[in-house]
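For reference, the chains in residue letters:
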Amino acid sequence: MTSLGALLIRDMRLAVRVGGGALIGVLFFLVVVTLVPFAVGPDLALLKRIGPAVLWLAALLASLLALDRLFAVDHEDGSLDLLLMSKTPLELVVAVKGVAHWLTTGLPLVVAAPLIGLLLNLDAAAQAGLVLTLLVGTPALTFIGMIGAAIAVALRRGGLLLAVLVLPLTVPVLIFGVAAANAVLLGAAPFGTPFTILCALSLASLVVGPFAAAAALRQEIE
Amino acid sequence: MSLVDLANPSRFLKFANRALPWLGGVTVIAFAFGLNQAMGAPDDYQQGATVKIMFLHVPSAWLGMLAWGIMSIAALGTLVWRHPLADVAAKAAAPIGAAFTLLCLVTGSLWGRPEWGTYWVWDARLTSELVLFLLYLGVIALWRTVEDPSRAARAAAILTLVGAVDLPIIKFSVDWWNTLHQGASVFRLGGSTIYPTILMPLLVMAVAFTLLFVTLHIAAMRNEILRRRVRTLRLMQAQATS
Chain A
24 MTSLGALLIR
34 DMRLAVRVGG
44 GALIGVLFFL
54 VVVTLVPFAV
64 GPDLALLKRI
74 GPAVLWLAAL
84 LASLLALDRL
94 FAVDHEDGSL
104 DLLLMSKTPL
114 ELVVAVKGVA
124 HWLTTGLPLV
134 VAAPLIGLLL
144 NLDAAAQAGL
154 VLTLLVGTPA
164 LTFIGMIGAA
174 IAVALRRGGL
184 LLAVLVLPLT
194 VPVLIFGVAA
204 ANAVLLGAAP
214 FGTPFTILCA
224 LSLASLVVGP
234 FAAAAALRQE
244 IE
Chain B
30 MSLVDLANPS
40 RFLKFANRAL
50 PWLGGVTVIA
60 FAFGLNQAMG
70 APDDYQQGAT
80 VKIMFLHVPS
90 AWLGMLAWGI
100 MSIAALGTLV
110 WRHPLADVAA
120 KAAAPIGAAF
130 TLLCLVTGSL
140 WGRPEWGTYW
150 VWDARLTSEL
160 VLFLLYLGVI
170 ALWRTVEDPS
180 RAARAAAILT
190 LVGAVDLPII
200 KFSVDWWNTL
210 HQGASVFRLG
220 GSTIYPTILM
230 PLLVMAVAFT
240 LLFVTLHIAA
250 MRNEILRRRV
260 RTLRLMQAQA
270 TS
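Each protein sequence line maps, in turn, to chains A and B.
Residues 24 to 245 (this note's numbering) are what the first sequence spells out, left to right.
Residues 30 to 271 (this note's numbering) are what the second sequence spells out, left to right.
None of these hints come from the bench; they were simulated from the model.
Values in this document were obtained by computation on a predicted structure and should not be read as measured data.
Just to be clear, a hint being listed does not mean it is correct.
As the list claims (entries may be wrong) - Listed below are several chain A residues computed to face chain B (Cβ distance under 7 angstroms; list not exhaustive): (1) Ile-174; (2) Leu-184; (3) Leu-188; (4) Ala-238.
Just so it is clear, CB atoms sit at the ideal spot from N, CA and C, and this is done for glycine as well.
Make a model of the complete structure from these sequences and hints.
Structure (structure tokens):
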């Protein structure tokens, strides 16, 4: 247990210090959302209507871009081999790395979402719905994405391949995340149904992700 | 000769060389019979002749899913038993499955244009089928990125097993969501809702498509085994000259 705690603290320290780049994801999030009004025009009613979808899409891309360093850095400096050889089960190690990654890249997105939502003319209720769905949904993005990160860990051009492999698998999360966020905005459909499915997707990916990623790492590195 | 003997690549090659002409012949006969029956099937009272697109559309949809199912079984063979023939089976099935899935999407949108008035709608069945196509392309991209075939096989196997969650979503999408695509009509409780004069040609075409898949798959597996032997010979030659 102490080794897992130490790993969590180590990963978070590495992410927030120089060279870690934890907050670049938030910056990317902001830049993508800023680009949208230039593309669709500064019509505030339209921006409000598509706001939750744009923010979800930007959050998906931002968390995806950060993922390719999840295992690659440890693979390059050799610490991944030490983690593989340690007595702690690899599944738990991978899960802890995922949690640390979410805390340093996913959670900042959730925190920044209300501020960035202001740019898209979202009101308080829509903001709250959006933050809630992102809080529940971004762990699913991290834990589905870690499978792709583990598969692509030893590849030279893994980044683009990672996106191609992971994005189709994140479609359900995007569908139900945006559906729940839109339910608050429009009030036409119930919020609970898509939201509970989103919770279920997150919980399922929390189980499947570490096992699949650990299996991929074992196969890749030997 | 039992099934276990076939796991030896040399024996498999012998079997493939002997079986392929027969399989090809049976496939041609099945298609001749099935297409003949399909042309003879009556027009639908509402859709007219466009209902005949179904004879291509439905079997290719089934085979697109069957190919991923076979890849998933092969993926288990790769991960659990590290069997090289399982790698070969998985790799050979991917492009064929992608082709059938694309065929399903194309015939479906050609059918949708006269009947629904649009080539494409974002309905659950269509979307999940498109996701299956994207997953196929991802697996093929992965095979082409990793140079060492056995390492590529293991990476692709894990992706294949994770991607297999899409299969039940495709199958049950018409039950879970209220979609424009029609519900299950052939395999359902209480019997098929398709009239026998149209159902029979459909089933014959499904058999013909399956035979085509088996023929193409075995041929592709044979080619892949030969390709790997050439690769090994080249590596040995390069080693000998250096």
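Taking the hints in turn, this is what the structure says about them:
Against a cut-off of 7 angstroms between C-beta atoms, the interface hint on Ile-174 (chain A) holds, since the closest Cβ of chain B lies about 5 angstroms away. Annotation: interface hint on Leu-184 (chain A) holds; nearest CB of chain B at approximately 6 angstroms, less than 7 angstroms. With 7 angstroms as the threshold, the beta carbon of Leu-188 (chain A) comes within range of chain B, its nearest partner Cβ sitting at about 5 angstroms, so the hint holds. The beta carbon of Ala-238 (chain A) comes within 6 angstroms of a beta carbon in chain B, closer than 7 angstroms, and the hint placing it at the interface holds.
When the structure is compared with the earlier hints, no violation turns up for any of them.
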